[in-house]
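Visitor: The task is to assemble the complex, starting from two chains supplied on their own in separate frames and drawing on the hints.
As they're listed, the protein sequences go chains A and B.
Take 1 as the starting number for the first sequence in UniProt numbering and just add one per residue.
Take 1 as the starting number for the second sequence in UniProt numbering and just add one per residue.
Hints are computed from structural coordinates only; laboratory data are not their basis.
One or more hints might be untrue.
[Stated by the list, open to error] Short derived list, chain B residues pointing at chain A, Cβ under 10 Å:
#1 His7
#2 Arg11
#3 Pro12
#4 Glu30
#5 Gly33
#6 Val81
#7 Glu82
[As the list claims (entries may be wrong)] Here are the simulated lysine to any residue pairs, SDA-like style, with alpha carbons at most 20 Å apart:
#8 Lys360/A - Leu40/B
#9 Lys40/A - Lys49/B
#10 Lys60/B - Ala212/A
#11 Lys40/A - Leu40/B
#12 Lys360/A - Ala61/B
#13 Lys60/B - Arg306/A
#14 Lys49/B - Ile105/B
#15 Lys360/A - Ala62/B
#16 Lys60/B - Arg358/A
#17 Lys360/A - Glu26/B
#18 Lys60/B - Leu298/A
#19 Lys60/B - Ser332/A
#20 Lys40/A - Glu75/B
#21 Lys60/B - Gly244/A
Glycine included, C-beta positions come from ideal geometry on N, C-alpha and C.
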Amino acid sequence: MADQDLKTTPLHALHAELGGRMVPFAGYEMPVQYAPGVMKEHVHCRSHAGLFDVSHMGQVILRPGSGDVVDAARALESLVPQNLLGLAEGRQRYGLFTNEAGGILDDLMIANRGDHLFLVVNAACKADDIAHMRARLPGDVTVEEITDRALLALQGPDAEAVLESLAPGAAGMSFMDVRTLASDWGDLWVSRSGYTGEDGFEISVPADRAEAFARALLDHDAVAPIGLGARDSLRLEAGLCLYGNDIDASTTPIEANLLWAIQKSRRPGGERAGGYPGADVIGAQIDSGVQRLRVGLLPEGRAPMRAGTPIFADEADADPIGAVTSGAFGPSIERPMAMGYVSIDHSDVGTKLWGEVRGKRLPVTVQSMPFRPATYKR
Amino acid sequence: MKFTEEHEWLRPEDDEADVVTVGITEHAAEQLGDLVFVELPEEGTTVAKEDEVVVIESVKAASDIMAPVDGEIIEVNAALVENPALVNEDPLGAGWFFKMKVADIGDLDQLMDEAAYKKFI
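Just chain B, with the same shape it has in the complex (with noise of 0.2 Å):
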């Protein structure tokens, strides 16, 4: 699993070695507070890293979730749409919001693993 500065959570898919699952770590959910809307983008759409792609808010704020690394996104969590409160109840499981196809593996390296983002945070 990888990390990213802006908390979110990439995790490799065991069966396709370019898809990973991407969502939001537990500090990020404690922090943003309860969500309460996720705009999702659409399977197919061609992302570049730091493209805003997911739209969430909690009950304080707006916020964005940006694409981690440069890909196509193939699949969304629509569950998320009548159910924002599954990022905060369980946010590396049932509360992640895309997996994404990764244009080049390798970009991979360049994020912290589990180790490096508890020290980050």
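Looking at chain A on its own, in the form it has when it is part of the complex (with noise of 0.2 Å):
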């Protein structure tokens, strides 16, 4: 049953069906996994296809009154770090909502659909963001709270050909290219990216036929339903942040080792460097370096190190050099691992640390993300 305060997504009935166990996420209720667990729903999704319901997550669109997506893309450049004035039409990028202080209010997706700018942002992070942009953009720009859609993802090997079969035109997009692609469930948007390491598509789908959509995706046998808990090993290995856990309003970007995700033109010296919330802070950053970095961890042993285990410098130091943010075990490269924060003088790759799990001090070894090869069809 569902609980009376949380909110359900258009294909709540079909996860019941499917024996989803559901759980509470973010003010949802939510599949965390289903029959055949964790462990096999990873696997399946990175050998075959996998299909999550993400419809928990915000989806945006910013309307320029003029009609020209460069306003759009000119104000939004006043919130996040990233080049979006370079952002071509039918492409996307990663990007970073920040605060005065530099630290991180959500990561999201931002794509350039022709006469708009589409977003996806955080299920627990939506509300701020919209009351965000609302407050901090110019009027002309409009903020529309898409809810009459259903966002899905698949991901894997075999998604290019299962939405291709359903959705011609998938095949040929690239890496974050975005498009709408027509179906016999009304117009798709589609991006292809995801949050697991594989190739694979997030497709925006009218929520009065996400469910039948959901249904022709499940009736490919390559494809299986996949939980939170195969969602969050996925990212893990790809050495993807979870917002919450690995990033947060107390930490900046260059912190999280994002600076990838901050394009040249908006760092120090580039064309349009600053501008932003919190540019400042960050801009010293880049310029000057960090005092801690979020890096990969490997455990050596069988033990998984969850978030808040403590890492210290040497077996017998008293005070920790940093913490795990996100820790679990890796179906597909079959052990333990994890992310977090070390300072700086302990964050070169190779660096072997302690992480203290039960009382008990244990080897760890600074990795490089991701701990498996994504394989983005680039």
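Guide: Okay, here's the thing in structure tokens:
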């Protein structure tokens, strides 16, 4: 039964029918796993294709009053450190809302869909993000929350063939391309992207057609439904941040090792340097460095190091030099994995550190991410 | 076979009246999800009822297996260390955790039988 205080997605009845074990997540009742369980779902996604309901995430359109998307892009550049004037029509990029202290308010996807920008933001942040944009963007840019569309992700090596069979045109897209594809379930807003490290697609579909569309995807033998549990182990193997765990208002993009997401034009010395909240802090960190850094951590033994595990430079040291922010077992790499923040002088790949688990110091090594190479179609 | 409220089972060995094999039930294994880590006690350890003797971690979280009665751990299932999934695949068989010599065999009478456990879950 649905908890009265929890919202549901257009696929709620389908999750129940598929045997999804429902849990509260970001104010929604969502499937954490189905009958096969986290490990088998994870492996299925990497070997065939996984279907994820991500309808809890926020879908937002920024529509410029002028009708020229450049005006929306220029406006949004005042809230994120990304180059959006350089974002071509039909392309998407990863972005970050920052605060005045340089901390991260949310991470998001930003797509140029011709006459508007289309954003996908985290479920737990969407109300704040929308309020933030309405308060800070110029009045001629309208912020529309899209509530009549579901959002699905189809990820894994068989995703391309399956989606192409239902929505021709999918196969011609490259990583981070966005297109509108016609289908029997209405216009699909498709991006070739995801949160698993696999090739795949994120698909916005009219809410009243979403269940039928999901059933059509699941009719393919290659496609299995995947819950939040495997979604988390897949993204961690891919080295991707979870907002609220690995990044938040107290971490800057530079500390979070996300400098790659700030294009040169927005860095100090670039043609549109700064001009976003916290640009002074972030710019100074780009120039002079940071005290701590988000890194990958590979425990040597089999014991997982969960979020909150303190990290020490020496087996006998009293004071930690960092902590794990996400930790789990990696079903594809067949060993525990973690990410977290460590002081900059202990952040080089290969550095041997110690994590304290149940009172015992266990060896862990700083590792480059992703733990498993991505298979994006570039 | 006997059961605890912590979803452990105890199976008396046929040939040794005071030795039981201990594992977790199918219900517990399903609730925990896929196990990824098992830390076993040393053989020969003397334990008291409700001592935390085994650490297990599933894909979701860590939990403890407690000693169901007083006694001594006489054998552990070392295969679980390399292959924790055995617990999910065969919780009542190959997924056993340890064998213990029970201090007072009468303690087993306090535990649930299968019918009582089924009612309990």
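Visitor: Give a verdict on every hint.
Guide: Each hint tested on the structure:
1. His7: violated, 17 Å
2. Arg11: violated, 25 Å
3. Pro12: This interface hint is violated because 31 Å lies over the 10 Å limit.
4. Glu30: holds, 9 Å
5. Gly33: holds, 6 Å
6. Val81: Check passed: Cβ of Val81/B comes within 7 Å of chain A, closer than 10 Å.
7. Glu82: holds, 8 Å
8. Lys360/A - Leu40/B: Roughly 15 Å between the alpha carbons, so the hint for Lys360/A and Leu40/B holds.
9. Lys40/A - Lys49/B: violated, 35 Å
10. Lys60/B - Ala212/A: violated, 31 Å
11. Lys40/A - Leu40/B: The hint is violated at about 25 Å.
12. Lys360/A - Ala61/B: The given pair, whose Cα atoms are some 17 Å apart, holds under the 20 Å limit.
13. Lys60/B - Arg306/A: Judged against 20 Å, a Cα distance of about 10 Å means the pair holds.
14. Lys49/B - Ile105/B: holds, 13 Å
15. Lys360/A - Ala62/B: The hint holds at about 15 Å.
16. Lys60/B - Arg358/A: Holds: Lys60/B and Arg358/A sit about 16 Å apart, inside 20 Å.
17. Lys360/A - Glu26/B: This hinted pair is violated, its Cα atoms lying about 30 Å apart.
18. Lys60/B - Leu298/A: With a Cα-Cα distance of about 18 Å, the restraint between Lys60/B and Leu298/A holds, given a limit of 20 Å.
19. Lys60/B - Ser332/A: holds, 16 Å
20. Lys40/A - Glu75/B: Violated, at roughly 31 Å.
21. Lys60/B - Gly244/A: holds, 18 Å
Hint check: violations occur at hints 1, 2, 3, 9, 10, 11, 17 and 20; the rest are consistent with the structure.
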